[in-house]
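Chains as they are written, first to last, in this note's numbering: chain A, 1 to 313; chain B, 1 to 335.
Some hints could be false.
Unchecked claim - Have a look at the derived ranges for each label pair, beta carbon to beta carbon: (1) Lys123(A) <-> Leu283(B): 38 to 48 Å; (2) Leu283(B) <-> Pro294(A): 34 to 44 Å; (3) Arg64(A) <-> Lys246(B): 47 to 57 Å; (4) Gly57(B) <-> Ala270(A): 36 to 46 Å; (5) Ala51(A) <-> Gly261(B): 31 to 41 Å.
Bear in mind the hints are in silico, worked out from the structure with no lab data behind them. Note that this is a predicted model, so its numbers are computed, not measured. We treat Cβ as the ideally placed atom computed from N, Cα and C, and that holds for glycine.
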Amino acid sequence: MKPPHMGDIGGRFRRFRSRLGGSAEPEADDVWKAIQLARHAERPYPLDYIARLMPDFEELHGDRLQGDDHAIVAGIGRYHGRPTVVIGQQKGRDAEERVFRNFAMSGPGGYRKAMRVMELAEKLRAPVVTLIDTPGAFAGAQAEINGQGGAIAQSMQTMMRLRVPSIAVIVGEGSSGGALALGVADRVVMLENSTYSVISPEGASAILWRDAGKAQLAAAAFKPTAANCYRWGVADAVVPEPEGGAHTDHDEAARLLDGYLSRTLRNLIAIPDADRVRQRRDRFRRLGAYRELPTGGTAIVVGVDDPRPAPGS
Amino acid sequence: MARRQIHVSIDRLRGQRDEPAPRPQKLPSDDRACPTCASTFRAEEMRHNLNVCAACGYHWPVGGRERVAQLSDDGAYDELWTELRAADPLRFVDIQPYPRRVEAAEAKGTTEALVCADARIGGRPCVIAVMDFSFLGGSMGSVVGEKFARACERAADRGVPLVTVSASGGARMQEGVLALMQMAKTIVGFEVLRDAGVPVIVVLAHPTTGGVWASFASVGDVTYAEPGALIAFSGPRVIEQTTREKLPEDFGRAESQLSNGHVDAVVDRRELSGRIGRLLGILEQPPPATASLAMSLAQNGTERAARMAQALPSIPRRLRQRVLGGEPPADGGPR
Numbered sequence: 001m002k003p004p005h006m007g008d009i010g011g012r013f014r015r016f017r018s019r020l021g022g023s024a025e026p027e028a029d030d031v032w033k034a035i036q037l038a039r040h041a042e043r044p045y046p047l048d049y050i051a052r053l054m055p056d057f058e059e060l061h062g063d064r065l066q067g068d069d070h071a072i073v074a075g076i077g078r079y080h081g082r083p084t085v086v087i088g089q090q091k092g093r094d095a096e097e098r099v100f101r102n103f104a105m106s107g108p109g110g111y112r113k114a115m116r117v118m119e120l121a122e123k124l125r126a127p128v129v130t131l132i133d134t135p136g137a138f139a140g141a142q143a144e145i146n147g148q149g150g151a152i153a154q155s156m157q158t159m160m161r162l163r164v165p166s167i168a169v170i171v172g173e174g175s176s177g178g179a180l181a182l183g184v185a186d187r188v189v190m191l192e193n194s195t196y197s198v199i200s201p202e203g204a205s206a207i208l209w210r211d212a213g214k215a216q217l218a219a220a221a222f223k224p225t226a227a228n229c230y231r232w233g234v235a236d237a238v239v240p241e242p243e244g245g246a247h248t249d250h251d252e253a254a255r256l257l258d259g260y261l262s263r264t265l266r267n268l269i270a271i272p273d274a275d276r277v278r279q280r281r282d283r284f285r286r287l288g289a290y291r292e293l294p295t296g297g298t299a300i301v302v303g304v305d306d307p308r309p310a311p312g313s
Numbered sequence: 001m002a003r004r005q006i007h008v009s010i011d012r013l014r015g016q017r018d019e020p021a022p023r024p025q026k027l028p029s030d031d032r033a034c035p036t037c038a039s040t041f042r043a044e045e046m047r048h049n050l051n052v053c054a055a056c057g058y059h060w061p062v063g064g065r066e067r068v069a070q071l072s073d074d075g076a077y078d079e080l081w082t083e084l085r086a087a088d089p090l091r092f093v094d095i096q097p098y099p100r101r102v103e104a105a106e107a108k109g110t111t112e113a114l115v116c117a118d119a120r121i122g123g124r125p126c127v128i129a130v131m132d133f134s135f136l137g138g139s140m141g142s143v144v145g146e147k148f149a150r151a152c153e154r155a156a157d158r159g160v161p162l163v164t165v166s167a168s169g170g171a172r173m174q175e176g177v178l179a180l181m182q183m184a185k186t187i188v189g190f191e192v193l194r195d196a197g198v199p200v201i202v203v204l205a206h207p208t209t210g211g212v213w214a215s216f217a218s219v220g221d222v223t224y225a226e227p228g229a230l231i232a233f234s235g236p237r238v239i240e241q242t243t244r245e246k247l248p249e250d251f252g253r254a255e256s257q258l259s260n261g262h263v264d265a266v267v268d269r270r271e272l273s274g275r276i277g278r279l280l281g282i283l284e285q286p287p288p289a290t291a292s293l294a295m296s297l298a299q300n301g302t303e304r305a306a307r308m309a310q311a312l313p314s315i316p317r318r319l320r321q322r323v324l325g326g327e328p329p330a331d332g333g334p335r
């Protein structure tokens with residue numbers, strides 16, 4: 001395995017590596033701590049990163065179909081000398097803004113806005129950066145009627161086909177298809193204290209334990225930390241946060257992300273378009289872990305290392 | 001598919017009397033009572049009628065292999081990739097360990113929640129990929145994603161259509177974020193089909209929800225739904241809990257999703273195989289240009305063109321006969 005991206009940050013390097021690699025299977029308490037940091041009320045949101053990385057950002061509004069979904073912010077700005085498209089899921093800082101942003105749970109209109117701006121990126125040959133932070137896509141009657149499922153699938157298709165480079169950054173909590181809709185990129189990277197999971201711990205608690213109060217237990221079972229996602233191949237890199245978490249120092253958090261983004265974009269741009277599209281497909285084609293039973297032999301586990309004997313083998 | 005004879009049980013008359021419907025658990029093991037009209041059917045009749053209530057049209061769930069057999073000509077198919085089985089990458093335990101859930105599901109005879117097969121529908125070869133709701137709620141984990149991607153690649157390689165039936169609660173929780181990634185993997189599969197110009201027909205069975213509806217199931221070329229199937233990203237119960245909205249009875253059902261514009265047609269299971277067969281006929285590409293070129297040259301009487309036509313295995317038999325004249329080749333010719 002290649003080492004995760006560390007940035008040129010001297011002494012922080014060793015501390016970060018020990019935090020990241022210290023325990024491959026973090027204890028339940030550590031997982032819960034990561035989830036709380038990922039959701040910290042003072043954590044930087046996409047617009048906080050955008051303000052620091054591209055001060056002349058032009059935000060674009062509307063899906064050109066029926067409205068403007070405020071859970072997703074999208075637009076274009078200059079980043080290291082070239083036009084770059086950014087799409088982010090924006091939680092609200094205070095109660096009023098949270099309602100305005102619908103807690104970063106977008107409907108189909110949000111994904112359609114994202115797709116529309118991705119088309120612009122394609123036209124301008126501008127790279128696409130997505131900043132993911134959502135408890136999931138919105139569960140509402142109108143969202144269903146307007147095609148929530150199809151919008152998520154089409155957003156994945158659009159990202160899969162992009163001929164420009166793309167990077168998806170999980171900056172906070174990435175939960176369910178609502179997160180993955182913006183996560184089909186050339187590189188998927190997670191901030192140190194971010195989480196990425198098939199469902200939020202609360203949702204899992206209600207479904208699997210049939211008890212809304214078992215979120216901590218669910219979190220321990222899903223282990224959705226950046227370190228684990230890196231181990232599973234779901235994240236290509238983990239970007240360090242300031243000591244104590246991104247909320248302690250927004251400027252430093254943005255600087256650390258900038259280090260990774262600028263270098264990785266430069267590398268991606270050097271790859272011919274067709275190769276990049278093929279590599280992106282291959283990346284998502286490979287993900288997963290299953291056993292393959294050869295006739296009469298023992299099971300091989302394909303994908304993730306699983307030292308435990310498989311059931312029935 | 002030849003229309004099967006439809007058997008209606010005289011037991012259905014029971015449902016028309018005022019007496020309460022017989023409780024399903026009182027019936028002999030294989031018999032079933034319809035939950036909407038209380039007609040009762042023997043297992044044999046159920047099979048003949050493709051698990052549809054002959055009295056009211058209620059559609060019961062169908063297992064993966066049974067569904068493949070229903071769709072395929074003469075019920076004949078070759079199942080693919082049964083050696084792929086679930087692993088436990090997260091060592092996941094909720095109220096019981098994941099491997100124990102898998103063992104219990106496997107004990108019922110299916111190997112995973114997706115059954116793939118080579119088959120023919122209406123005489124035309126195709127690859128079929130059918131979800132089985134009885135295997136852990138048809139949930140999409142790594143095996144489902146891998147088999148689905150392979151099915152797409154096989155269809156693309158052979159230039160034959162993919163026919164897929166969805167019936168799933170969504171991503172398989174017990175495989176965590178790796179299950180989420182299978183959504184993207186199915187999208188990769190569809191990209192391969194797109195490059196190959198191969199059509200994909202999606203049939204939405206009850207239920208098609210969560211990550212399955214939010215991935216391949218919502219982006220087929222032609223999309224049929226079975227009557228009454230729930231088709232939604234978030235189910236009505238979740239929506240009612242989240243937003244306190246009161247939803248109409250038919251919310252997210254196939255018929256309302258037709259009027260919402262998310263499916264092309266609601267098709268009764270008894271019509272499904274015939275309808276797909278007809279559609280495959282419409283979607284079939286004309287014979288390759290080389291074949292028609294060879295034929296036009298042959299009509300001008302050139303010997304070389306006749307040799308060329310003989311060398312081309314892709315020319316349909318009828319065409320080859322017209323080019324070369326005489327009897328069809330002894331080996332029976334290409335398909």
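Could you work out which earlier hints the structure fails to respect and list their numbers in ascending sequence?
Hints 1, 3, 4 not satisfied by this model.
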